[in-house]
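Enquirer: Model the full structure from these sequences, guided by the hints.
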Amino acid sequence: MGRRNIIILAIIIIVFAFSVSAVAVTDIFGRSGMTLGLDLKGGVYLEYQAEFGNESASDNAGRLEETKNIIERRVNEWGVAEPDIYTMDPDRIVVQLPGFADIEGAKSLVGATAQLIFREQVDAVSTTLSASVNASGTTLAVADAGGFGAGDVFVIGSGSSIEPQTVVEVNQATGTILVTPGFDYDHAAGESVVNQWTPAIGLIDGEEYILTGEYLLPNCYVALDQTTNEPIVQFEWNGDGATLFSQITGRLIGKPLGIFLDNDLISWPTVQAQIGASGIIEGMSLEEAQRLAIQLNTGALPLTLNEVRTQKIDPILGADSLNAGLMAGIIGLALIFVFMIVYYKISGLMACLALLVYGAVMLAIFKLMPVTLTMSGIAAVVLSIGMAVDANVLIFERIKEELRSGRSLGASVETGFSRAWPAIRDSNFTTLITCIILFWFGDQLGAAPVKGFGLTLGIGILVSMLTAIIVTRAFMRVLTFTPLAKRTNLFHP
Amino acid sequence: MIDFMGKRKWFFIASGVLLLLCIIFMIPAGPFGLTWGVEFTSGSSLTVVFDSDNVTQSDLLAELSALGHSEAVIQKTESNEFIIRVNTLQGEELELIRTGLEEKFGALDIPASYDISPSLSKAVASNATIAVIIASVAMIVYIAWAFRKLMHSLRYGVCAVLGLIHDVVAVLGIYAILGNAYPLEVNMMFIAGILTVIGYSINNTIIVFDRIRENFLKNPNAPLEETFNRAITETLGRNINTSLLVLLVCVALLALGGETIRDFMIILTVGVVVGTYSSIAIAGSLLIEWEKGAMGRILGRLNPRRALAKS
Numbered sequence: 001m002g003r004r005n006i007i008i009l010a011i012i013i014i015v016f017a018f019s020v021s022a023v024a025v026t027d028i029f030g031r032s033g034m035t036l037g038l039d040l041k042g043g044v045y046l047e048y049q050a051e052f053g054n055e056s057a058s059d060n061a062g063r064l065e066e067t068k069n070i071i072e073r074r075v076n077e078w079g080v081a082e083p084d085i086y087t088m089d090p091d092r093i094v095v096q097l098p099g100f101a102d103i104e105g106a107k108s109l110v111g112a113t114a115q116l117i118f119r120e121q122v123d124a125v126s127t128t129l130s131a132s133v134n135a136s137g138t139t140l141a142v143a144d145a146g147g148f149g150a151g152d153v154f155v156i157g158s159g160s161s162i163e164p165q166t167v168v169e170v171n172q173a174t175g176t177i178l179v180t181p182g183f184d185y186d187h188a189a190g191e192s193v194v195n196q197w198t199p200a201i202g203l204i205d206g207e208e209y210i211l212t213g214e215y216l217l218p219n220c221y222v223a224l225d226q227t228t229n230e231p232i233v234q235f236e237w238n239g240d241g242a243t244l245f246s247q248i249t250g251r252l253i254g255k256p257l258g259i260f261l262d263n264d265l266i267s268w269p270t271v272q273a274q275i276g277a278s279g280i281i282e283g284m285s286l287e288e289a290q291r292l293a294i295q296l297n298t299g300a301l302p303l304t305l306n307e308v309r310t311q312k313i314d315p316i317l318g319a320d321s322l323n324a325g326l327m328a329g330i331i332g333l334a335l336i337f338v339f340m341i342v343y344y345k346i347s348g349l350m351a352c353l354a355l356l357v358y359g360a361v362m363l364a365i366f367k368l369m370p371v372t373l374t375m376s377g378i379a380a381v382v383l384s385i386g387m388a389v390d391a392n393v394l395i396f397e398r399i400k401e402e403l404r405s406g407r408s409l410g411a412s413v414e415t416g417f418s419r420a421w422p423a424i425r426d427s428n429f430t431t432l433i434t435c436i437i438l439f440w441f442g443d444q445l446g447a448a449p450v451k452g453f454g455l456t457l458g459i460g461i462l463v464s465m466l467t468a469i470i471v472t473r474a475f476m477r478v479l480t481f482t483p484l485a486k487r488t489n490l491f492h493p
Numbered sequence: 494m495i496d497f498m499g500k501r502k503w504f505f506i507a508s509g510v511l512l513l514l515c516i517i518f519m520i521p522a523g524p525f526g527l528t529w530g531v532e533f534t535s536g537s538s539l540t541v542v543f544d545s546d547n548v549t550q551s552d553l554l555a556e557l558s559a560l561g562h563s564e565a566v567i568q569k570t571e572s573n574e575f576i577i578r579v580n581t582l583q584g585e586e587l588e589l590i591r592t593g594l595e596e597k598f599g600a601l602d603i604p605a606s607y608d609i610s611p612s613l614s615k616a617v618a619s620n621a622t623i624a625v626i627i628a629s630v631a632m633i634v635y636i637a638w639a640f641r642k643l644m645h646s647l648r649y650g651v652c653a654v655l656g657l658i659h660d661v662v663a664v665l666g667i668y669a670i671l672g673n674a675y676p677l678e679v680n681m682m683f684i685a686g687i688l689t690v691i692g693y694s695i696n697n698t699i700i701v702f703d704r705i706r707e708n709f710l711k712n713p714n715a716p717l718e719e720t721f722n723r724a725i726t727e728t729l730g731r732n733i734n735t736s737l738l739v740l741l742v743c744v745a746l747l748a749l750g751g752e753t754i755r756d757f758m759i760i761l762t763v764g765v766v767v768g769t770y771s772s773i774a775i776a777g778s779l780l781i782e783w784e785k786g787a788m789g790r791i792l793g794r795l796n797p798r799r800a801l802a803k804s
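Protein chains in written order, with our numbering: chain A, 1 to 493; chain B, 494 to 804.
Rather than coming from a laboratory, the hints here were simulated on the basis of the structure.
Quick caveat, the model's predicted, so the values are computed rather than measured.
For glycine and all other residues, C-beta sits at the position ideal for the given N, C-alpha and C.
Be a bit skeptical, because a hint or two may be false.
[Unchecked claim] In the DSBU-like style, the derived pairs of lysine-lysine whose C-alpha atoms are separated by at most 35 Å in a straight line are:
(1) K400(A) with K569(B)
(2) K400(A) with K500(B)
(3) K711(B) with K345(A)
(4) K569(B) with K597(B)
(5) K711(B) with K400(A)
(6) K642(B) with K500(B)
(7) K711(B) with K486(A)
(8) K642(B) with K400(A)
[As the list claims (entries may be wrong)] Chain B side only, calculated, beta carbon under 7 Å to chain A, not exhaustive:
(9) P604
(10) S606
(11) Y607
(12) I609
(13) N680
(14) M681
(15) G692
(16) I695
(17) N696
(18) I700
(19) D703
(20) I733
(21) N734
(22) T735
(23) F757
[Stated by the list, open to error] Per label pair, the in silico range of CB-to-CB distance:
(24) S405(A) with L514(B): 13 to 23 Å
(25) K711(B) with M369(A): 41 to 51 Å
(26) I627(B) with M88(A): 18 to 28 Å
Expert: What follows is the structure in C-alpha cells.
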C-alpha cells in the first residue's frame with residue numbers, strides 16, 4: 001500500500017493521538033482547559049481612555065503603564081480570579097474580569113483616580129457671578145476672586161441639590177475661576193458664589209504642603225467603629241504626613257476637617273484633639289470602605305480615565321451561550337456525518353474520519369496556543385467545518401466523474417484530488433485573505449469578536465485544507481488496496 | 494448542460510428588484526430601516542429582566558423618562574425581558590436606573606449591559622468600512638493573480654466581489670425586513686454573521702470560476718456562453734450539496750440552538766441561499782456581460798464625447 005502512505009498514516013495517527021491527549025489531559029503544558037471569552041464565561045469588560053496632558057509621548061506611555069500597574073494591584077487586592085489587564089496604543093487600558101458580575105463595583109474600584117485630599121472650612125468668603133454660565137462652561141467670571149485659590153471647593157447658588165465645584169486655577173487679574181471639567185449647570189449672572197473648603201496646608205522646613213493621600217502608609221484597613229458599629233477605614237501616616245497632620249489637627253480643634261475623595265466630600269469629622277500618626281475615615285458603606293482601603297494602599301492613578309466601552313455579561317447568560325454554541329457544533333457535525341455517509345457512502349465515511357482528526361487538532365490548538373474561544377469564534381469553527389466538508393465534497397464530485405468514466409478507484413482518487421486542488425486552494429486562500437484583514441482590523445479597533453473570528457477561521461481553514469488534502473487522501477489510498485476497491489459503486493452516489 | 498447564461502436577463506431583473514427592495518427597507522428614515530446596536534450609534538444597551546410579568550413597554554418608557562432618559566428606545570424580547578438603549582451611561586448612572594426601576598416595578602436583574610462612548614462608535618463604523626474595502630481589493634488582486642492564465646483575469650476578481658456586494662446588501666435588506674416582525678439589531682454578532690456570509694459566498698463563486706478556468710484552458714475556442722454554462726452545470730452538484738448541507742445545519746440550529754445564536758443563524762440561512770444563487774446566476778452573468786462589451790457601452794453612455802465619436 002505504498003511506503004509513503006504508511007509514513008503519512010503513521011504521522012496522522014501520532015498527531016491525532018497527541019491532539020486527543022492534549023485535550024483530554026486536564027493539565028498539560030501549563031494549560032488546564034479551554035480559554036473562554038467573556039461572552040461565554042460571563043464577566044465584566046472595562047475599556048478606558050486616559051486623558052494625556054502635554055507631556056512627551058514616552059512620558060505618557062510610562063504613566064499609562066504605571067496606571068495599569070496600579071489597577072492591577074487594586075484588582076488583585078479586590079480578589080478577582082484571573083483578571084486580564086492590558087494597555088492598548090495609544091491611550092487605552094482594558095480590564096477584563098471573567099466570571100465577575102458586579103460592574104458598578106468594578107467601575108468604582110478600577111476607574112476612580114482615588115485622590116484623597118484633606119480640606120478645612122473657609123470663613124464665609126462669598127462673591128457673585130458677573131456673567132452667566134452654561135453647561136459647556138468651565139470658566140466662571142466673578143465679581144471678586146480674591147478669596148479663592150487653587151484646590152478650593154465652592155458652591156454656586158443655593159439649594160440642597162447643588163453640587164460643589166473644585167477650583168483648578170484662579171486668575172486674580174481678570175477675576176476668573178477655572179473649574180474641573182464635568183461642570184454642567186446653568187447659572188445666571190448675579191448668583192452667589194460661596195467658598196466652602198480650602199486645602200489643609202502644613203509646613204515642612206518652611207515650605208507649604210497640602211495634606212493628601214500620598215503621605216499614607218500602604219497599610220490601610222477596614223474596621224468597625226466600636227460605638228456606632230459603622231465601617232471605617234483606619235490609616236497611618238508616614239513621617240511627613242504625621243508632621244502635617246499634627247499641625248493641621250492642632251490648628252483645627254473644634255472645627256471640621258473635610259476628607260475628599262476625587263472631589264467628593266466623604267466625611268467631615270470635627271477635630272477633637274491634636275493627633276499625629278494615624279486616623280480614621282468614616283461615613284461609607286462596608287463595600288465603599290473596602291474599596292477605599294484598597295485604593296489608598298495602591299495609590300492614586302497618575303492619569304484620569306474615561307470609560308469608552310464597558311460590558312457586563314452575567315455568567316449564567318455566558319453559560320447559556322456556551323451551551324447553545326456547543327449544541328450548534330454537535331448538531332451541525334452530526335447532520336454532516338449523516339449526509340456524507342448516506343450520500344457518498346464509503347468515501348463519505350472516510351471524510352467523517354478525517355473530520356474527527358480535524359476536530360481533535362482544532363481543539364488541541366485552541367487549548368495549547370491558547371485561542372480564546374468566543375461566540376464569534378464558535379461561528380468561525382462552524383464555518384470552517386463547512387469548508388472542511390466542502391473540500392471533501394469537491395474532491396468526491398471529481399472522483400465520481402472519474403469513476404463514471406470507467407477508471408479504477410486508485411486512478412480516480414489520484415486524479416480526483418489533483419483536479420479538485422486548484423478550486424480548494426483558491427477558495428480557501430481568498431477566505432484566508434479576508435481572515436488576515438479581519439484579524440488586523442479587529443486588533444486595530446479592539447473589536448475582540450471580529451479579531452477572534454478572523455483568527456479562528458484562519459486556523460480552521462488551514463487545518464481543514466490540510467485534513468482534506470492529506471488525511472482524507474491517505475485514508476482513501478488505503479482503501480484502494482482492499483477488496484472494496486473493486487466495488488466502485490460504494491464510493492460515489 | 495443547462496443554459497444559465499441565456500437566462501441572465503431574468504437573473505438581473507430578479508436581483509435588481511430584490512436589491513431595490515432591500516435598499517428601500519434599509520433606508521434609516523423610512524418606515525422600516527435597520528436597528529443599529531450601540532457599537533454603531535454609541536450609547537448604552539441594557540438587558541433588563543423583571544420578576545413581574547406585568548411591566549409594559551409604555552410604563553417602562555414613562556419611568557425611564559422620569560429618570561431623565563426620555564431618549565430611551567425599548568425592545569421587548571420576552572414577556573418580562575426588555576432591551577433598553579439610552580445615551581452612554583457614565584459612572585453611577587446605571588445604578589440610578591437600576592434603583593429607579595426597582596422602586597417602580599419591583600425586583601429585577603440586569604444580566605447584560607453594554608456601553609459605547611461616542612468617540613468609539615465613529616471609529617467602529619469607519620474602520621469597518623475601511624476593512625471591507627481593503628478585503629475586497631485584496632480578494633480582487635488574489636483572484637486576478639490566480640486566474641492570470643485567462644484573458645481579463647482582473648474581471649473575474651471584480652465580478653466575484655460584485656457578487657459579494659450583492660449578497661451582503663441582500664442579507665442586510667432581508668434582515669431589515671425581518672426586523673420589523675421580530676426584534677433584531679445590527680451588533681457585533683451581526684458583523685460576525687455577515688463576515689461568515691462573505692467567506693461562504695466568495696468560496697462558492699471561486700468554485701464556479703475555477704471550473705470556468707479549467708474548461709477555458711481545456712477548450713479555448715469554445716463559445717463563451719457554452720464554457721460558462723458547462724462550468725456552472727458541472728459544479729451544480731457540489732454547489733447544491735454543500736449549500737443544502739449548510740442550510741440543513743442552519744435550520745436545525747435555528748430550531749434548536751437557542752436565543753443567543755438565533756440572529757446569527759438567521760443571517761447565515763439567508764446568506765447561504767442568496768450566496769448560492771448569486772454564485773450560480775449573478776457572478777458569471779456579470780462576467781459574460783463585461784466580456785461582451787457591456788461595460789464599454791455603459792461607459793460610452795456616461796461619457797458623451799466617446800458616445801459622439803462612436804456615432
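Enquirer: The structure should be examined with respect to each hint, and the outcome stated for every one.
Expert: Hint check:
| no. | hint | result |
| --- | --- | --- |
| 1 | K400(A) with K569(B) | 52 Å, violated |
| 2 | K400(A) with K500(B) | 29 Å, holds |
| 3 | K711(B) with K345(A) | 31 Å, holds |
| 4 | K569(B) with K597(B) | 18 Å, holds |
| 5 | K711(B) with K400(A) | 20 Å, holds |
| 6 | K642(B) with K500(B) | 28 Å, holds |
| 7 | K711(B) with K486(A) | 30 Å, holds |
| 8 | K642(B) with K400(A) | 27 Å, holds |
| 9 | P604 | 4 Å, holds |
| 10 | S606 | 5 Å, holds |
| 11 | Y607 | 5 Å, holds |
| 12 | I609 | 5 Å, holds |
| 13 | N680 | 9 Å, violated |
| 14 | M681 | 4 Å, holds |
| 15 | G692 | 5 Å, holds |
| 16 | I695 | 5 Å, holds |
| 17 | N696 | 4 Å, holds |
| 18 | I700 | 5 Å, holds |
| 19 | D703 | 4 Å, holds |
| 20 | I733 | 10 Å, violated |
| 21 | N734 | 5 Å, holds |
| 22 | T735 | 5 Å, holds |
| 23 | F757 | 6 Å, holds |
| 24 | S405(A) with L514(B): 13 to 23 Å | 45 Å, violated |
| 25 | K711(B) with M369(A): 41 to 51 Å | 43 Å, holds |
| 26 | I627(B) with M88(A): 18 to 28 Å | 21 Å, holds |
In summary, the numbered hints that this structure violates are 1, 13, 20, 24.
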